[in-house]
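K.L.:
Mind docking chain A on chain P? Use the hints.
Sequence lines, in order, name chains P and A. All residue numbers for the first sequence refer to the working numbering, where the first residue is 1322 and numbers rise by one. All residue numbers for the second sequence refer to the working numbering, where the first residue is 17 and numbers rise by one.
There are no misleading hints in this set.
Label-pair distances were calculated between CB atoms; the ranges are:
(1) P/1636 - A/61: 38 to 46 Å
(2) P/1380 - A/31: 54 to 62 Å
(3) A/82 - P/1851: 19 to 27 Å
(4) P/1910 - A/38: 37 to 45 Å
(5) P/1895 - A/78: 21 to 29 Å
(6) P/1958 - A/38: 35 to 43 Å
(7) P/1640 - A/31: 28 to 36 Å
In case anyone wonders, no lab produced these hints; they're calculated from the structure. Predicted model, so just to flag it, every value in this text is computed and none were measured. Note that CB positions come from ideal geometry on N, CA and C, so glycine has one too.
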Amino acid sequence: MIVEVGHYALVLALALALVQSVLPIWGVKAADARLMAVARPVAWGQFGFVAISFAALTWAHVASDFSVANVFENSHSQKPMIYKISGVWGNHEGSMLLWVSILALFGAMVAWFGRNLPKTLLAAVLGVQAWVAVAFYLFVLLTSNPFARILRAPMEGRDLNPILQDPGLAIHPPLLYLGYVGFSIAFSFAVAALIEGRIDAAWARWVRPWTLAAWVFLTLGIAMGSYWAYYELGWGGWWFWDPVENASLMPWLAGTALLHSSIVMEKRDALKVWTILLAILTFSLSLLGTFLVRSGVLTSVHAFATDPARGVFILGILVLFVGGSLTLFAARAGALTKGGLFAPISREGALVFNNLFLTAACAAVFIGTLYPLLLEATTGGKISVGAPFFEMTFGPLMVPLLLVMPIGPFLAWKRGDLLAVAQRLAVVFVVAILGTIATWWATRGGPILAPFGIGLGLWLSLGALAEIAFRIKLFSEPSVAFRRAVGLPRSAWGAMLGHLGVGLLIFGVVAEGAWKVEHVLVMKPGETVQVARFDLTLTEEKTIVGPNYDATVAHFVVREKGREVAVLEPAKRNYRTRKMPTTETAIATFDGFSQLYLAMGESQGGGVAMRIYWKPMVLLIWLGCLVMAIGGAVSLTDRRLRIGAPKPSRVASAALPAAAE
Amino acid sequence: MTRKQKRLTLIGLAGLVLATAVALVLFALDDKITFFTSPSDLAQGTVKPGMRLRLGGLVEEGSVKRENATVHFRVTDGANAVAVTYTGILPDLFREGQGTVAEGKVGTDGVFVADSVLAKHDEKYMPKEVADALKQSGHWQEEAAKATPKTN
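Chain P on its own, in the form it takes in the complex:
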């Protein structure tokens, strides 16, 4: 019964979305305030019904109602509770329901926080938002119904894929979807602006918090997925340039560009047409990501299903929305007023530089991801584009961007003084060079480029700190510095943290890539192996019984200079229901950020195959992402975003302090 209520609620949500997609926009066209006023309550109602629907599916999973096909396929009565809940979105149908639920949630939030938006803009935005919602409700109801029943209910379910039974995977999809779907708001605002044919700096100020929030979630989602792949798959890598990873990286790159270009639009009323285009492209790439992952054109751990009908349906949605919005853009963009000009050496110039390189890098990832699909579709030739391609294209496009990154925030709007910036950054530059030389000296004979990478990390992170130091006059009187630090807009702190996070990320990437140590060997109990500065002894191999699996565990004692520093127990699990083995890595962290990483292979000839890694500074990779996301969140609490946008006025925006980003 509850399941049927869930199904019915989803149909009602579709009905409300249909209303929401027509009446408010009609109201905008007919200048009818009553029709426009429909948008907000309907958006709330839509979210309410989707929430009921989602809760119903969750209930079916928690109660292990195996008469529901979705629960039967993906759950098991003995599965721990957390995975019963995360199993709701650990499958195709459930994850699409999560997708539309988050879409409706964002719609309801726009309706709530958008009270002080101009009536026509709010109505148009919610209308466009509902178009997207209608398409995805239809997709779920027609091709991926999670509420389908099985006529004769089985006694036991098939269990969730064991590698998805992990706390990391419980939160990775919701974070990622909050990011993907969050960009739909920027898209709806862009299309609404095109429909209205009017756009100004205030528009950028309304869009920015939504973009920022989506970006924060996407950053966290990607980082979470990367860390999950690192510890769960047992390969020791943190990024594989897998098409599915690229599918999330592309909207991230475009979204990062959008964050920066919307600053120019907000502060200087320039780059308007470009910002609109980026907003459309960012969400289009999110839709493309959904298509790539959900259509089954890719084979990967994420490809839940390869039902051609679903692929065609999502492709239809993709073509409709991307094609439609770009056509609208082509028709209307010319009508938008152009903003002010600026010198190439200026804050605007630096942000344009950022946008150029981010979009170029995004395009390179796009080509590398889609070229194999295109080739197979046209010539039938099968190729794979892997890490070497992306290292050769993405890498060189990132380097200039990273080199210029610390300089940008120092430049003034309209016309910057490069010489003055050079004076301020001279110390940081010298430290970065010294760091490069010192690293080269300490690691002679190692990879040649690595010391430069460390230098780049220093340049980025110290550069970000220096900018704040200068703005609060850190080296003047402490009381002055404190007062200035408190008075500084939060967005400035956010920008600093964002850039600092990139610096930390670079440290981690370079150190892990250049100085990791890998040992693959077969060990017998009692044997000891030396890895980096540690001695690892395999003391015993034992068997244990878990709730829904049996496991073989290798017990390792780790010693450093004869002193025991850690006990590690990598394991191999065999899940009973699916008869599927998984590798459970064992990881110990040293020096704050470096990790000793053990993955177990097969037993053979009285011994067991082991893969042992020493990964220096590897945690900085994800810590860097976390710092970036925190930066975004801090920026989100900025006063001018928190209290809502004032009426657009040239005088008011000119009088604002020259707040960075």
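P.N.:
Below, chain A alone, put in the same frame as chain P:
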């Protein structure tokens, strides 16, 4: 700088970045991609040694031999088989008689030296390239075909 010069500087920079990106992508597409082959393709001798390849097929029954951390096995598509060596930990679901994709190069002795070996993600999944190659060589079993769609 005049208005026009400012515009031109911007457009010039954009063009330069775009050209660089295009050049990088074209060069990398020429040099850094990996072709998928089947054991039969390799047997025809059309592949020159040293080229990076993905070799897909089934792990031949009874061919897996271990020697410390190095594994020797043969990949077959039913018609032909290729010897493969790999040093490292095999994926959890690497099994004799099951689909696999090995990435690496053919040595001068004709042995395929893999630097990574992929297997399916669970017991129902088969790499798509392998499935297609098996269909081509007529070794595709309907039972397996029915099981492929759900991979979770």
